[in-house]
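S.K.: Given the structure of chain A, go ahead and fit chain B onto it with the hints provided.
Protein chains: 2
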Amino acid sequence: MVKQARAARTRRSLIRAAAEVFAEVGFVPASLGTISERAGVSNGALHFHFANKSMLAEAVEAEAAESIRRITEAAQARQGDPLQAVVDASHELMSALAQDVMVRGGFELAGDIARRVRSPLREEWQRWVEDGLRRAERGGVLAEGVSWADAARVVVAATVGLEVLGAKDASWLSHQNMTRFWELLLPRFADRRHLRTLVCSGTQPRTAVPAPARARPTHPDP
Amino acid sequence: MVKQARAARTRRSLIRAAAEVFAEVGFVPASLGTISERAGVSNGALHFHFANKSMLAEAVEAEAAESIRRITEAAQARQGDPLQAVVDASHELMSALAQDVMVRGGFELAGDIARRVRSPLREEWQRWVEDGLRRAERGGVLAEGVSWADAARVVVAATVGLEVLGAKDASWLSHQNMTRFWELLLPRFADRRHLRTLVCSGTQPRTAVPAPARARPTHPDP
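Chains A and B, in that order, give the protein sequences.
Per full-length UniProt numbering: the first sequence = residues 1 to 222.
Per full-length UniProt numbering: the second sequence = residues 1 to 222.
Don't read these hints as lab results, they were simulated from the structure.
Keep in mind that the hints are not guaranteed to be accurate.
The list makes no distinction among identical chains, and a pair is therefore deemed to hold if it is satisfied within one copy or across any two copies.
Said to hold, decoys possible - Below, in silico cross-link-like pairs of lysine to any residue (SDA-like), each with a Cα-Cα straight-line distance of 20 angstroms or less: (1) 168 with 126; (2) 53 with 29; (3) 53 with 119; (4) 53 with 63; (5) 168 with 98; (6) 3 with 204; (7) 53 with 16.
If we strip away everything but chain A, and leave its shape as in the complex, we get (with noise of 0.2 angstroms):
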């Protein structure tokens, strides 16, 4: 038992210090040495747990691809409303970008060209988003004229961009950029009655922030 757990220790240290590495440099450039040394375990631990570089791979690209699905799920089921559903997930997501290695590691391995797989991260958002949005216009509480699949094109390229310059510039990521992006995009994508009931900033309460302190506008008028 002791022993099972110590493996389970190396393995989640081997794939937290192999998203690191990955999301420093990329895949192709990453070695293995580098991965086992900063994990503190030897070469031959990491062969144990991992044939080859793709395999550590996989696995960060399920860990990111784990949180993406908790962060979408959890909007979800806190969120009668799909849009606002939408809105809090992309700032959880951002929030993840910035803050989890697990989660930059992975989306770094989505958007690298030299790896002929295809990863599911990227598509996936782009699935949830479109489903939300789906719904929404469904719900009736698109404005009139907008379709979901439009609001999905412009909300999954914004947040793949976001992501790709947040990699150089953290400052892409913050939580008053995401915000401000709502505050500009809702009141065109809302029904009018219904964009007074959206919060650009979130519903979710943010752990770094004290709750006091999170008092914010909901969103400016149209």
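M.R.: Below, chain B alone, put in the same frame as chain A:
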């Protein structure tokens, strides 16, 4: 003179071949052997022109930067209206990313975190979009309550996202995609009276499509 012309042609073939390989696999996995072979020249000829892979990458980026500069300067010279100039240049950028391997290779290098050098390409695009929208705000053509900085952030994030998504799936770069993007955003960005003068599909004749087939609605009502 003949010798000089041949040297210039060889140099040009090498830069083009390098752009193709960088666009396909990224900087680190790109091999000089593949590049010289694709250019149809010897390794010796490659090393006569470029001391190393970084110098080839710089040459590709310089070409791409020059293309972007041509696109933005032409849009600005043609258009008195800075907001329409941003619309036009965004269409040209997508078209260049879809059709010009030098631009695609340059942007791929710009996004490569394994390269430790600062690439000016995305920053120049960002600066140009910001300048254009700042002038639009000063000229009173932005909608009330919309700041140039917020509009620029959305345009830059979304165009970078489209560029990155387009590297794996070219349909993101389509003219229709960019047109729908502006059909969604301009009614929010532009002053209502000014909106009627804007052409979401761009004012520049498109080479790939014969002129009569290009009739498009300018924009939906807000």
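S.K.: Evaluate each hint against the coordinates.
M.R.: Hint by hint, here is what the structure shows:
no.	hint	verdict
1	168 with 126	between (22 angstroms within a copy, 14 angstroms between copies)
2	53 with 29	both (11 angstroms within a copy, 15 angstroms between copies)
3	53 with 119	within (15 angstroms within a copy, 28 angstroms between copies)
4	53 with 63	within (15 angstroms within a copy, 34 angstroms between copies)
5	168 with 98	within (11 angstroms within a copy, 24 angstroms between copies)
6	3 with 204	neither (39 angstroms within a copy, 68 angstroms between copies)
7	53 with 16	within (13 angstroms within a copy, 31 angstroms between copies)
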